[in-house]
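Can you build the whole structure from these sequences, using the hints too?
If you want the building blocks of each chain, they are given just below.
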Amino acid sequence: MAWVSRLLSIAQPFRLATSLALPTTQTRNTSFFTKHTAAQLWKGVTSVSNAGRKRGRGKKAGKKMIRDLNRGQVIGVGKVNMVWPGLTTNVIRGRELVEQQQLPPDPEREARLLKLRNALGPFRRLKLSPPERGWSGNRLPGRTVGPPDPIGDEKFEGFETVVLESKAVTNMTGNLGRKRQMSMFVVTGNGNGLAGFGLGKAIDGKASLKVAKNRAGQRLMYIERYNGHTVCHDFFAQFGFSKLYVKKKPEGYGLKCHRAIKSICEVAGIKDIHVKVEGGSSNIQSVTKAFFLGLLQQKPPEKLAEETGYHLVEFRKDHGNYPTVIASPAKVSDDTKNVPAYDEYVMGNRVVLQRKKFPPFYVGTDGWELHLRKTLKYRNENDVRIKLRTAARYLNTQPAKPPKRPVTI
Amino acid sequence: MLSSRLCMGLRQLESSFINRQLLTTRRPATCTFASSTDSEKKYLFFENKVQDLLKRLTRKDVNKVFRKRKDGEKVEAAVYKFMTTAQLEEELKKADLKADELLQMPPVVPEREEIDEVLDKDEKLVGLLDTKIIFTDISLDKTDRSRTIAVRDVDGTLRLATWEERSRMNQIYFPRPGREIWVPHVFQDEALQPILERKDYEFILNRACAQFEPDDPDYIRVTTKTYEAVNSFGDFDLLRSTRHFGPLVFHLALTKNLDRLLIENLETDRLEDAAWALQLYNILHADAKINHDYKRGAELEFVKAYIDQCSKDNSQLELAYKHCKDFLSSPKSAAVA
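Protein chains in written order, with this note's numbering: chain A, 1270 to 1678; chain B, 3 to 339.
One or more of the hints may lead you astray.
Claimed, not checked - Below are the DSS-like pairs computed for lysine-lysine, each with C-alpha atoms no more than 27 Å apart in a straight line:
#	chain 1	residue 1	chain 2	residue 2
1	A	Lys1626	B	Lys76
2	A	Lys1396	A	Lys1329
3	B	Lys83	A	Lys1540
4	B	Lys57	A	Lys1586
Hints in this document: simulated from the structure, not taken from any laboratory. Just so you know, these numbers come straight off a predicted model, no measurement behind them.
Rendered as structure tokens:
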């Protein structure tokens, strides 16, 4: 062992020197990070406990997401910028054999990789622009999903489809047990009198949407409209428990109705309508069916005149209530005693209950009376202010300006 | 506002005094008119014959009278009714009467004269007040024109109010819809011009009717300017079947400016209208009558007589006359008829 001691004696001064210059560091070859797989580590960071999940944690925006640290890494490309023929480039370029060689280092590579890695930040919900949004949040009902797929030459140009209902439905089967499907109920139309609705079911949401959309495209109905903007007349329609009281409205009134009916009107091309839904307003399928039934059962004015045997006369306030004959029967009855009332006739003798509108709770209280007394003197203030602002531009009869006071020193 | 409020209190004090004054002094006519031949002729507007001709010239067209009006009121849902033929005819008759009402012409009257009548002068009141006091008779049986309105000036003069003061006081106590206390800027010439250029004749005429009395100099200025614009652009069809067409034709006939209207009538196959306009001309200018014995069916000859005797610049009118005559004599017109 003499050589060992000799070696030590030689090495000693050297060892001393090194121990002074470099402090010794403890190194361990095993650690928490080396003992676990990447999947286990990521799970530890991103997962939510069972109790937490029950409380709805880890679902909102800002949730930590698993990052793919290998993103952007390519085999054969590394810190040293090497050309590996057959791995990173072709072996033969043109007629020459590509040689293995080292290129000058690419300083931006590291930054690019980092950027790519950080692009995958925390979880963000898919954000829709306001016109693309449906009735509520990011949910599907109320959203437009494009025209039905073309059938042969028929391209469904100008058609638009709106989802009215999207829900999960199940049924029990002998060998699969509870079988879950997505059910989609959509309406499609060209905005000019053609519209149809369809129900589609499939395991996948997308597939069910496609089925529903195409089915709706194959069941188009033509809807009669008055001057292309509203229904032909007031009507009542019912399907199941959904009862609709539909009112014809003048231009510019807008769509004041159930949101599903509003979507139907938009795709069908009805612009002004008022609908009161009674009974099953949450059953969208029966609301839709009732509305379509009512639209299809509308009677043109000629038919109304022929059925009753009287002239159908229109009085419009914006036209000075001038009587305009809309339709006349072939043989006019002259019985003035039994002339049917138009509103009752088209509603199938149903009279809509007009609820009395009560004044708000504060009317008649002391505070309200006091408020009225206090604000009475300001009732014309805005008008007067506007007039005074333009007073200088009036004819020479304008109000006299107050005389300027002499400046006193 | 101060003066009007004071008025309520002081009215009683001075009213007896004013009444005494009014009894003793000559009560001035509320509208006195400038007397000139042209303004005297304006009274012919109320002659039955003239009214009849003007109404016929207006050509009542219910589609235009009852056209859709965007007058700022909320549009209500249309009302539908089932009707027998008799009921429908009754309704149509009612609508016809309503159309007549809507087509009632605003009167054409001569310009009024300024009121300048001092009732009393009291030197002792000088220095008592630093504003005028206006006394307005607001008894219910008075109209805006017959109401007595007097002003006590700072220098102690008690006088009848001027027209401008009258209109302001009337508007304060008895406001009329569409009328403003101060005359709006629209009626100033520089604002009127663009309105006439974009041919909003009916709008400005309606507005003038609401704002002014018919003998107001401003009303006469605005309407005359509008009628001249209509005449120079030949936009008679825009005013036809409105209540302003009668006064327009009356103005043109009075100022011997009928050529453009006759050209338009001849070009648009309105021979009868041309004859009526010339009949009106004959009534208004009894001194410079067209020497022609007009009978129905002889419209063309009547127009020809006017061209020969009265027209100022007749080359264009003659051309229109010739075209019309050629058209009527050609076989095409028979086919159209």
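Agreement of A/Lys1626 and B/Lys76 with the hint, judged by alpha carbon distance not exceeding 27 Å: Between A/Lys1626 and B/Lys76 the Cα gap is close to 20 Å, so the pair holds against 27 Å.
27 Å limit on alpha-carbon distance, applied to hinted pair A/Lys1396 and A/Lys1329: 13 Å, holds
Distance restraint between B/Lys83 and A/Lys1540, which requires alpha-carbon spacing of 27 Å or less: Distance of about 24 Å is within 27 Å: holds.
Holds or violated: B/Lys57 to A/Lys1586, with C-alpha atoms at most 27 Å apart: Since the Cα atoms of B/Lys57 and A/Lys1586 sit roughly 26 Å apart, the hinted pair holds (cutoff 27 Å).
The earlier numbered hints are all upheld by this structure, with none contradicted.
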